[in-house]
Amino acid sequence: MLLLKNNKGKSVIIMERRRNTVIQRAILRTLGEKGPMTAGTLAKEVGATYRTVKRHLYILERFKGKIEWITFYPDITLCRLRKKQRMIQCQRCRAKVTIPE
Numbered sequence: 033m034l035l036l037k038n039n040k041g042k043s044v045i046i047m048e049r050r051r052n053t054v055i056q057r058a059i060l061r062t063l064g065e066k067g068p069m070t071a072g073t074l075a076k077e078v079g080a081t082y083r084t085v086k087r088h089l090y091i092l093e094r095f096k097g098k099i100e101w102i103t104f105y106p107d108i109t110l111c112r113l114r115k116k117q118r119m120i121q122c123q124r125c126r127a128k129v130t131i132p133e
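The sequence shown begins at 33 in this note's numbering and counts up by one.
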């Protein structure tokens, strides 16, 4: 968050939306290139802190649905990209059909 003062002298909080998008894109790109990895390794690759990466992974999993967690025994949790389903829409009836890859 950024704390700025407007022209009346009041403090205004502005979210760093652009930086958040850059971090999320970097996470998705790294997972796409190198495959599943833990949050700590991902933080080193992206160049952010562990806490920041965990927060963005939660956003990408819960709200955007782009990644998923895989849990192995003992206590290793990896995150990987979710498979994208290709949809084709019929020009005549507008029905959507999923094509498996």
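No lab work stands behind these hints, which were simulated from the structure alone.
Errors might be hidden in some of the hints.
[What the hints assert, rightly or not] Computed cross-link-like contacts, DSS-like style, restricted to lysine-lysine with a CA-CA straight-line distance of at most 27 Å:
| # | residue 1 | residue 2 |
| --- | --- | --- |
| 1 | K115 | K98 |
| 2 | K115 | K66 |
| 3 | K115 | K128 |
| 4 | K96 | K66 |
| 5 | K76 | K86 |
| 6 | K76 | K115 |
| 7 | K76 | K98 |
| 8 | K66 | K76 |
| 9 | K76 | K128 |
| 10 | K115 | K96 |
| 11 | K76 | K96 |
| 12 | K115 | K86 |
| 13 | K98 | K66 |
Bear in mind the structure is a predicted one, so any value in this text is a computation, not a measurement.
Outcome of the hint check:
no.	hint	in the structure
1	K115 with K98	holds (8 Å)
2	K115 with K66	holds (15 Å)
3	K115 with K128	holds (18 Å)
4	K96 with K66	holds (21 Å)
5	K76 with K86	holds (12 Å)
6	K76 with K115	holds (24 Å)
7	K76 with K98	holds (20 Å)
8	K66 with K76	holds (13 Å)
9	K76 with K128	violated (40 Å)
10	K115 with K96	holds (13 Å)
11	K76 with K96	holds (23 Å)
12	K115 with K86	holds (21 Å)
13	K98 with K66	holds (16 Å)
When held up to the earlier numbered hints, the structure conflicts with hint 9 and nothing else.
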